[in-house]
Amino acid sequence: MTTQVPVPVAGSWDGLIAQAGVDGTSDIFGQLFLAFIVAGTLVGVVVIAYTLQKAYKNRSEDGETKSDTPDMGEIPPLEGGGKGKKLFLSFGASAVIVITLVGWTYFAGFIPMEQGPSEQQVEDQLDVTVTGFQFGWRFNYPDGEESLGRLTVPNDTVVRFDVTSDDVMHNFGLPYFDRRSDAIPGQITEMWIYPQETGTYTAKCYELCGSGHSQMAAQVEVVPKNEFDNWGNGTEQ
Amino acid sequence: MAHAESDEHEDHMPSKSSIKRWLTTTNHKDVGILYLITSIFYLVFGGVLALLIRLELLESGSTILSGAAYNQVVSAHGLIMLFFFISPFAFAFANYFVPLQIGAKDLAFPRLNALSFWLYFFGGALFGSSFFLGGGSFSGGWTMYAPLNSPAYMPAVGSTAAVLGVMLFVISTTVSSVNFLTTLHSMRAEGMRIRDLPIFSWSILLTVWMMLFAFAALLAALILMASDHIIGTTYFTTTVAGSGSFLWLHLFWFFGHPEVYIVLFPALGVLGEIFKTFTGNRLAGRKWIMIALGLVAVQSFIVWMHHMFLTGLNFQTKTLFMATTIAISLPFDLMIFGFIYTMIKGKIRLTTPMLYGIATLVLFIIGGITGVFLGAIPLDYNLRGGYWVVAHFHYVMFGGAAALVGAIFYWFPKMSGKMYNRTFGKIQFATFFVGFNLLYFPLFFAYEMPRRVFVYETSIKMYHNIATVGGFILGLSVLMIVGIMVHALKYGDDAGDNPWQAWTAEWSVSSPPPLENFSGTPSFKSGKLSMLNPATDGSGTEAETDGGHAVEEEHTDHASLTPFLISLSMFVMFLGLSGVHQNVQALHDGDPATTATIAPLYAAVAGIGGVGMLLSLVWFGFEGFSAPAPLNVNKWPFEGVEQNKLGVWIFLLSDIVVFGAFIGASIFMRFAYGWQEWYQDLIPEAHVTMPGLINTYLLLTSSFAVVMALVAIEKNSKKGLVGSLVATFALATGFLVNKGLEWQHLFHISTDAFPEGWGLGTNIASSTFYLTTGMHGLHVILGMLILVFLIYRAWFDDAYMEDDRPVEYFGLYWHFVDIVWLFLFPLFYIL
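Protein sequence lines, in the order shown, are assigned to chains Y and X. Be aware that the first sequence starts at 1, since it is given in full-length UniProt numbering, and climbs by one per residue. Be aware that the second sequence starts at 1, since it is given in full-length UniProt numbering, and climbs by one per residue.
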C-alpha cells in the first residue's frame, strides 16, 4: 500500500485480519474488533441455535396447548416456571464472557490508547490542530502552516490532533486509522494516530453538521519523513 | 358471553360509528384503539421517509434529495419512529390491556388519558406540518445536537414547529406517566400485589416510571431549545468551553438512554405474555426477570455518558461509564435466558404471535451482542457515528418493535372479536423477518461509513443495495398488517373470548370487552380472578372526580370534548409560536420584509390558540364528569394516599426534574464560564438583591395564606376560605408585578457594559436568569388561574366546605412553587 490507496474496503474482513498483525500500538482496533467478531458470532450462533432448537423440539404437533396450564387470572407464584438454577448458570457464563471481553479491551486497548505511545517507543511526534467548519477541515501545523482540506503527515511518526470546531459539532474521523473524535466549538478533543505506511487516505465527518455533511471530507497524505521535512519549506501545492 | 356487544353499556356514550364518539371518548379501550391507528399511520409515514433514504442510497451521491432535504428526511424519520410511532404503538396496548390485566374499569384519570392521546395526535400533526412551513422541517438529526439545533444554523419556521411538535408529544407522555402510575399504584384489584402484576403490566409500570423522569429532562431541554428559537435566549450558541454543546449532550442523553428502554420495555412485556401463552408455561425465573427489568430501569439513568465517549471526557469518567454500561447489559442476559428457558417442557404453538416472539429474541440477541462492541471504548472510537450504530440500534429498537407487531396478532382477536386468517399472518411474518434482516444486517458491513450521509465508496454499494431491497420488502410487510386486519374485520370468524387459551385477566371477558370491562368487582384474593357482587353491573360505584368538581347527578357524561379542544388549541398556539421571533425566517433566503409581515400573523395565531386553551381549560374545570371509583383496591406502597393526591405528587416529581434540569443548566453554564467571571462580566450592577428578597417574602406569605384557607375550612368559615384564597392571589399578583418592574428596569438599563440593556439574549447569564425565573413565573401564573377557579367555586357554589381536597392539592402545588423559588433566589440573587 504505497500510493493511491482508496479508503480500505469497509467491512472487508480480510483487510482487518491482515492489519491485525501490525504493531500493537497502531492496530489495537483491528485486533479487538476481530476478537469481538469471533466471540460475538460464536455466542450468537450458539444462543440462537439453542433457542430455535428448543422452539422446534417443544412444538405442539396437534396445535393444542398443554393440558395443565395455569388457571384463568391466576396470581402467578413469584418463582414462575422455576428453572432458576439453569438461569443463573447461563447468566453467569454470559456475564463472564462479557466482562472478560470488555475488561480485556480496557487494559489492552483503552489504557494504551489513552496514553498514546511513549517517547521511548516513538521519537518523532507532530502536533496538528484540526478545525471543522461548515463544510470542511482546516489543519494548523506547529510551524504556522495552515492547510484547507488536505492533511499531510510524516510516516512513522506519532501525530497528535487537537480537534475543535468553528461553528457546529463535527466529528473528525480517519477510517483507515480506526479513529474518530468529536469536534466541538469551544472545546479541544485529543486523539492520535501512528501512520506506518505512506499513502493517501480520507478524513470524513461523522457527526451530522448541516446540508454539506455528506460531502465534508479531507484528503490525508502520509508522506515519507524526509519529504515531510521539506514540505514545510514551501514545496507543497 | 362471546357476543356481549357493548350496546347495552353504551347509554352514556355515542355509538362507535359516529365521529363524535371518537372525539369525545375517554374510555381506555377506545383511546387504545385511537393510539393504535394513529401510531400505525406514523409507522407508514416514518417508513416512507425511510424508503426515501434507501432510494437516495441506491447510488452514492445521488440527487433524488438535496443535502438539506436528506437531512430533514433522516431527522424526521428518527423523530417520528421514536416519538410518534414506537411509544404510542406500545401505549395503544398499555391503554387497552393494563386496566384489564389489573382488574380495573379504566385508568385513574380517563379525561387526562384522552388528553394524552389528543396532545400526541396534534403534536404529530404539528410535526407533520413543519415540512410545509417556510424553510422545511428540523434537519439536525433526532439527537438534535447543539449548536446545529439553534436558530443561527436552523432559522426556518418549520424547524421550530417540529421541535414544538415534539414538545407537545412530551407533554402528552408526562400526562400519561402520571395517569398510568396512579392507576398501577392505586387501582389494582384486591389480592394483586405489585409483584403479582402480569409481566406486561410490570413492564409498563417500569416504563412509565422511566418516562416520568426521562421525559422531564427532555422537556426541559426542548424548552431551552425552543426559547433559543422563539424568545432569543443563547443557551446552545454559547461556546465557552463547549458549554452549549455539552449542556445539550448531557440533557439529551440523560433522557436518551432511558428512552431506549422506554421503547423496549413494553416489547419485552409483550414477549413475556406471548411466551407464557404459547408455551403453556409460566415464565422461567419470573421473579428474576422482573428484578432484572427493575434493575435496568434504575441503571438506565447512570449510563448516559457512554454516548459521549468521543467528546473528550476524562479518563476516569470514561472508565466509570464503561463499567456502568457493562453492568446494564448483564440483567438483559438474565432476561433473555429466562425467556428462552420458558420454552423448555412447553408445548409450543407456532402461531403468528409466537413466531414474532421468537424472532424478537433472535433480533434482540443480535442487537445486544453488537451493542457490547459499542460499550468497549476502543471499539467505540471507531464505530460511533457510523453504520455499525445504525444497524445495532435498529436491531434493538425495531427488533423490540417486532414484539409489538406480534402484539397486534396476539391481541387483535380480543380487541376486535375477530380472528384473522392465520396463514396470512404467517406469510406476513415471513415477509417481515426476511425484509428486516436483508435491510439491517448488511449495514454492519458498512461500519466505516458515517451515518446520515449519502456518499459512500463503491465497495459497499452491494450492502446498500441489498438493504434497499430489504427495506421495500419490510415496507410491504407493514402494508400486509393493515390488509390482514381490515380483511379480518370484514370477513374474519368470531374469535371467542379466549382463542389462545391464555390465562391473564383480559382473556376472561368477552371479545371485545364490555365498556366497563368486568361484570362486577374483580378480586384476586383467592389466588385467581373472581367477581364479587357480579349482579350489580357496576352501578354501585360512587361518582369520583378527576380534577374537576364532584358531580352529584346519577348519570353524568362519560364523554368529554375538552381534551380534544385543549389539544387543538395548544396545536394552534404552538403553530403560532413557531414563527413569532424575528430571528426566525419565513424562508431560508427569506428577506427581512417578508419576515416582518409574517411574524405578527404568527403572533395572532399564537394568541388565538392561547385564548382557546384558556377557555377549554375553564370548560374542563367546570365540566361534569364521572370516573369510576375503584373499589377493593390494593395500593401498595401508597396506602392511605387518595388517588388524586397521588396524581398530584407524581406530577410534582416530574416537575422537580424539569426545574432540576433548569437549575442544573444554569449552574453548568456558569461553571463553564467561570463562577466569578460570570458575575463580573455578564451581570449588570442594576441586578440587585432587593426585588428577589421582596418576592421571597411575598411567596412565603402566600404559602401561609393557603394554609389559612385550609384552617378556615376546618372552622367551617366560608368567608375565611375565600378571604385566604384571595389573599394568596393578591400576594402572587404582588410577586408578578414586582418581577415585572424588575425586568422592565433590567431590559432598559444603559451602561458602558450593557448599552442596549440586559435583555433575554444579551448573554448566557441573562438567558439563564430570565428563562429559569420565567419558568417559575409561569408556574405562579398557572397557580393563579387555579386560584381563580377555586375562589369562584368557593364563593358561588359553596364548594370545598365538605371536601377540602382540591384546596389541599392546590396547596401542595403552591408550596412546591415556593420551594422552587427558595432555590432560585440564592442562585440568581445572592451567589
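Worth flagging that the hints you see were computed from the coordinates, not collected in a lab. Wrong hints could be hidden among the right ones.
[Unchecked claim] Simulated coverage check for chain X against chain Y, where a stretch passes if three residues somewhere in it have a Cβ under 8 Å from a Cβ of chain Y: (1) 330-339; (2) 379-385.
[What the hints assert, rightly or not] Straight line, CA to CA, 25 Å or less: simulated SDA-like cross-link-like pairs of lysine to any residue: (3) Y:K54 / X:K461; (4) X:K525 / Y:T69; (5) X:K528 / X:T423; (6) Y:K66 / X:I473; (7) X:K461 / X:I473; (8) X:K287 / Y:S90.
Virtual Cβ for every residue (Gly too), placed ideally from N, Cα, C.
Evaluation of the provided hints:
1. Three residues within the 8 Å Cβ limit are the bar, and the segment 330-339 of chain X against chain Y gives 6, so the coverage statement holds.
2. A stretch counts as covered by a chain when three or more of its residues have a beta carbon under 8 Å from one of that chain; for the segment 379-385 of chain X and chain Y the count is 5, and the coverage holds.
3. Proposed proximity of Y:K54 and X:K461 is contradicted: the alpha carbons are some 38 Å apart, above 25 Å.
4. In summary, the hint linking X:K525 to Y:T69 is supported, as the alpha carbons are separated by about 20 Å, within the 25 Å threshold.
5. For a cut-off of 25 Å, the pair hint linking X:K528 to X:T423 is broken: about 34 Å separates their Cα positions.
6. The suggested pairing of Y:K66 with X:I473 is violated, with an alpha-carbon distance near 36 Å, which exceeds 25 Å.
7. At most 25 Å may separate the alpha-carbon atoms for a hinted pair to count; X:K461 and X:I473 meet this at roughly 19 Å.
8. For the proposed pair X:K287 and Y:S90, the alpha carbon gap of about 16 Å is at most 25 Å, so the pair holds.
In the structure shown, a violation is registered for the earlier hints numbered 3, 5 and 6, in ascending order.
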